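There are 2 protein chains.
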Amino acid sequence: MNLKPIREICGMKIFLSQQNYHIGNFESNTRKIIAAIEYAKSQGGELIVFSEMSVCGYPARDFVEFNDFINKCYNSIDEIKQHADTIAVIVGSPARNPSREGKDLFNAAFFLYGQEIKAEIHKTLLPTYDVFDEYRYFEPAYEWKLVEFKGKKLAITICEDIWNINDNPLYRICPMDRLMEQQPDLMINLSASPFDYAHDEDRKAVIKANVLKYKLPMFYCNAVGSQTEIVFDGASYIFDKQGNLCKSFPLFEEATEGVILHEDGSIDSPVLETSASAPATATTLLSLDEHLHTDQIYQALILGIRDYFTKMGFSKAIIGSSGGIDSAVTLALAVVALGKENVRAVLMPSPYSTGHSVDDAVALSKNLGNPYDLIRIDAVYQSLLDTLAPVFNKLPFSLAEENMQSRIRGNILMSIANKFGYILLNTSNKSELSTGYGTLYGDMAGGLGVLGDLYKIQVYALANYINQLHSHSGISLIPLSIIEKAPSAELRPDQKDSDSLPDYAVLDKILFQYIEKRLGPDEIKALGFEAPLVDRILKMVNSNEYKRNQFCPIIRVSPKAFGVGRRVPIVGKYLS
Amino acid sequence: MNLKPIREICGMKIFLSQQNYHIGNFESNTRKIIAAIEYAKSQGGELIVFSEMSVCGYPARDFVEFNDFINKCYNSIDEIKQHADTIAVIVGSPARNPSREGKDLFNAAFFLYGQEIKAEIHKTLLPTYDVFDEYRYFEPAYEWKLVEFKGKKLAITICEDIWNINDNPLYRICPMDRLMEQQPDLMINLSASPFDYAHDEDRKAVIKANVLKYKLPMFYCNAVGSQTEIVFDGASYIFDKQGNLCKSFPLFEEATEGVILHEDGSIDSPVLETSASAPATATTLLSLDEHLHTDQIYQALILGIRDYFTKMGFSKAIIGSSGGIDSAVTLALAVVALGKENVRAVLMPSPYSTGHSVDDAVALSKNLGNPYDLIRIDAVYQSLLDTLAPVFNKLPFSLAEENMQSRIRGNILMSIANKFGYILLNTSNKSELSTGYGTLYGDMAGGLGVLGDLYKIQVYALANYINQLHSHSGISLIPLSIIEKAPSAELRPDQKDSDSLPDYAVLDKILFQYIEKRLGPDEIKALGFEAPLVDRILKMVNSNEYKRNQFCPIIRVSPKAFGVGRRVPIVGKYLS
Chain G
1 MNLKPIREIC GMKIFLSQQN YHIGNFESNT RKIIAAIEYA KSQGGELIVF
51 SEMSVCGYPA RDFVEFNDFI NKCYNSIDEI KQHADTIAVI VGSPARNPSR
101 EGKDLFNAAF FLYGQEIKAE IHKTLLPTYD VFDEYRYFEP AYEWKLVEFK
151 GKKLAITICE DIWNINDNPL YRICPMDRLM EQQPDLMINL SASPFDYAHD
201 EDRKAVIKAN VLKYKLPMFY CNAVGSQTEI VFDGASYIFD KQGNLCKSFP
251 LFEEATEGVI LHEDGSIDSP VLETSASAPA TATTLLSLDE HLHTDQIYQA
301 LILGIRDYFT KMGFSKAIIG SSGGIDSAVT LALAVVALGK ENVRAVLMPS
351 PYSTGHSVDD AVALSKNLGN PYDLIRIDAV YQSLLDTLAP VFNKLPFSLA
401 EENMQSRIRG NILMSIANKF GYILLNTSNK SELSTGYGTL YGDMAGGLGV
451 LGDLYKIQVY ALANYINQLH SHSGISLIPL SIIEKAPSAE LRPDQKDSDS
501 LPDYAVLDKI LFQYIEKRLG PDEIKALGFE APLVDRILKM VNSNEYKRNQ
551 FCPIIRVSPK AFGVGRRVPI VGKYLS
Chain D
1 MNLKPIREIC GMKIFLSQQN YHIGNFESNT RKIIAAIEYA KSQGGELIVF
51 SEMSVCGYPA RDFVEFNDFI NKCYNSIDEI KQHADTIAVI VGSPARNPSR
101 EGKDLFNAAF FLYGQEIKAE IHKTLLPTYD VFDEYRYFEP AYEWKLVEFK
151 GKKLAITICE DIWNINDNPL YRICPMDRLM EQQPDLMINL SASPFDYAHD
201 EDRKAVIKAN VLKYKLPMFY CNAVGSQTEI VFDGASYIFD KQGNLCKSFP
251 LFEEATEGVI LHEDGSIDSP VLETSASAPA TATTLLSLDE HLHTDQIYQA
301 LILGIRDYFT KMGFSKAIIG SSGGIDSAVT LALAVVALGK ENVRAVLMPS
351 PYSTGHSVDD AVALSKNLGN PYDLIRIDAV YQSLLDTLAP VFNKLPFSLA
401 EENMQSRIRG NILMSIANKF GYILLNTSNK SELSTGYGTL YGDMAGGLGV
451 LGDLYKIQVY ALANYINQLH SHSGISLIPL SIIEKAPSAE LRPDQKDSDS
501 LPDYAVLDKI LFQYIEKRLG PDEIKALGFE APLVDRILKM VNSNEYKRNQ
551 FCPIIRVSPK AFGVGRRVPI VGKYLS
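Chains G and D, in that order, are what the protein sequence lines are. Using our numbering, read the first sequence as starting at 1 and increasing by one per residue. Using our numbering, read the second sequence as starting at 1 and increasing by one per residue.
If you're looking for bench data, these hints aren't it; they were derived computationally from the structure. These numbers come from a predicted model, not from an experiment. Careful, some of the hints might be misleading.
The list treats identical chains as interchangeable, and a pair is accepted whether it falls inside one copy or across any two copies.
[To be verified] Keeping only pairs whose Cα atoms sit at most 20 Å apart, straight-line, the calculated EDC-like set for lysine to aspartate or glutamate is:
1) Lys394 to Asp268
2) Lys419 to Glu290
3) Lys152 to Glu523
4) Lys419 to Asp373
5) Lys517 to Asp104
6) Lys573 to Asp535
7) Lys525 to Asp68
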């Protein structure tokens, strides 16, 4: 027998594990991490990489300000360390800053091997924009060192650390440049990089730009799973040093897979895309494209709903079903995410509801197979009108009476939810939320905003996509009459959205320029939109901040969602 | 005639102007700033200092991400500059970062003189914790230069820049240390330092510590006024170089005043506190003291209500008046803030309300002189029960029926508000919000949370304080029966808060350790609190994050309020 040792023949077998963590649920996260380590070991893995903040979940937000929480992170690392015997493990966790100066924590990667912490790597570039608050908690790294493992020098970075390669760099430091001075053999990046409909392409371009710049293979491990409003889409990547994509992990699913990195830097896996075939610079979306990645949006929303329920410990959703497109799409998504038996639709016609709305809503639930109730609100509405009559004193019908109907529906939905343990899913879309076209505590009620990051024209695109998915059944899952009729809140006779709002086709494009692109009024007008219309819309957006401020978390699918990633003063007087 | 020039006799006349700005309202802010400049000129002022971000208001949050907004800041500076002719003016504003690298903006002070921008000073230490998000927007300063003016060298810093002097410094740089290398003659600090019941003393101690460390006079100018949830309390200070307090600006009020700084560094103003008489180190509050600065809390809440209404363009408030202490205190504060004719109380007894509650609420409004309505909710409640009967199917009375009553009240209050243009003030206290003892869209409804940062025992202290303030009238403004009775939501027969919650005297102290002090369960138990009780309370807090997430802005009076300054994952599984 004269065989070479396996490693010399095969190179090093490196695994990435993209997993769905539950923030602060150390027991569950640790169990998952250990299971993946054991699996990789069983497959001959020598190194396994997890995503950023894997032990505690990302973003743990102010939980990390509790010493108790950080202790639990360290306890998890101790437990995981025991399994890092014949395999090296890289996990993400907060780490204490031993220095007297600076913030108390680092965003760190722990390199575990031989049942010991062999190295601790700190994140340098701390994203503090949009949904990110990292400088709130963490001190940036001030020194950069490679980790040596089995004769290879690893350049380990965390998420944002590889993103400072554009023309207008956000940071004055480039950590990979510093690491390159020490001549690494490969790059490893632990990420928690969230989904939006333009982000997977951007991300792949940025990773590839790093590979082409540094001429090193890249092992990029991203998180997967939804954390309240932020969806992590996985899509981890392995590139060889020529910039060829050798492994592409699935979107929106957990996966643990390995490849062999040969001594010459090549990777033992078929090339999926050659260096030449995919762009190495991110593209910028200049205007709203309602058809962009509807398939990914669909998957993200389903994961967003499912993870919200799973992680909150709930199983059943209730939805107000009006016969309109927003509630129809929400219902269809919820049925896929939770199962038809776990989604209860409630139809609540008022004196101003049209017959076809009820018919459409019934047809929809029959198509979907979910249980539904028909509860007319006329009696409660009349009772409330009677009760308020001495106060209202025969003043004409106004917005107050419209909102009353909406809030009665909110009360009915929440009452059933409280009685039977449902969670109310909200159906408001981004166009409504932008303009304040909704009733606080009425149709704005709910625990999770399913469509709150989709403009109305994107909701239509999603409805059509859902129907296409089910086209084999021969029926329109979402009845065409729901898609084709003019949108209406049906809170007064013959009401149409277009009575109060500009056409969605124009409205949504202006909103996109203001919200996603952050253009000011003059810049938007310069794109050719009518000046008074632009002023009117921007004023609607800014003067309704107080409503959005009380809205539930919205599953984020765009680069700029309402909620934690968009922070606007309520008492501000700007364009309002 | 052989008189010395006036300046040599008198030194330099320096003004501070603490003003209440409206975020994004450039016209109003600029007008105020110019009026103060003209006043200072008329009083022989040679230099006038305004607070941090004075041109646009603080915190402008994501508004600064709009180029259009920054343009408007520069336009304001251009306008203000014209008035900086014979007087030098220091105003705060965002400034563009001309470098390719780093964030696009600085948090800056502009030194204006001779109708020109003579210098631009950048903030170094960017608070990114609690309510602050400065690193979200701004690049820190990397160089430090004095500004020379009339033979004096000014060390100009912005807010946080003088705060890095404690034992566990948050930052690795101390900007005043760098400026000291250039031998300044005086320190000037532009601040937007918010109120909390412990902060004025901390702030004075920090300013004094700087004076004693650098042996220079300090001109410290703070903002005043409430911005949605954050109250700025003014309290600007002037210290001479010995550490004597020479001028103390009022709390919660605008003021523009000047002193003469002599050539020898002394200040021409009577010493209010000698160097020895006030501490130069901040003290730490170790446990909840419900009597701490009740007077300041009272003023902060009144300013918070008044500014919310003024800046939103509203004038009239509506409040659900239950006969309980929370609504009583809220009503009393609103009457002071807005005038009794502008505050409408609505009493909405249900079948479970006690007679004395209605009597107490009536007596309260008679004492306060505000209009009130009595609207029984029985009929609407019965109508809703009837409507839901087929769904509820004779299940026993539960939380659902309690919440129904609360949401009917929410609907009535919002209906009257919508009909007549009132804003609903919320009356929930911090103990309730902590534990989730409240109904979403019911008693948790409202545009502004008046008591949301006061634990129940602090609400009692405030009620007693209010009654003391009015003791000259011979009556208890807040009827004693309201203060003395056992708290109850009155949503089922004979209900008491103590059925669901621990005694407030213990609950509030545990909550304080968890929320304000961020102690973990073991640390709180080590203070002597019962272990199962601590676990139960912490679980209540963490599992009710989804409710607080939809709550309105809360006027912040403590070092850690719910809302923008406390960011906790909703789907987290930590202590829950």
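Structure-based check of all given hints:
no., hint, in the structure
1, Lys394 to Asp268, "neither (80 Å within a copy, 66 Å between copies)"
2, Lys419 to Glu290, "neither (39 Å within a copy, 37 Å between copies)"
3, Lys152 to Glu523, "neither (52 Å within a copy, 44 Å between copies)"
4, Lys419 to Asp373, "within (15 Å within a copy, 31 Å between copies)"
5, Lys517 to Asp104, "between (35 Å within a copy, 16 Å between copies)"
6, Lys573 to Asp535, "within (14 Å within a copy, 44 Å between copies)"
7, Lys525 to Asp68, "between (53 Å within a copy, 13 Å between copies)"
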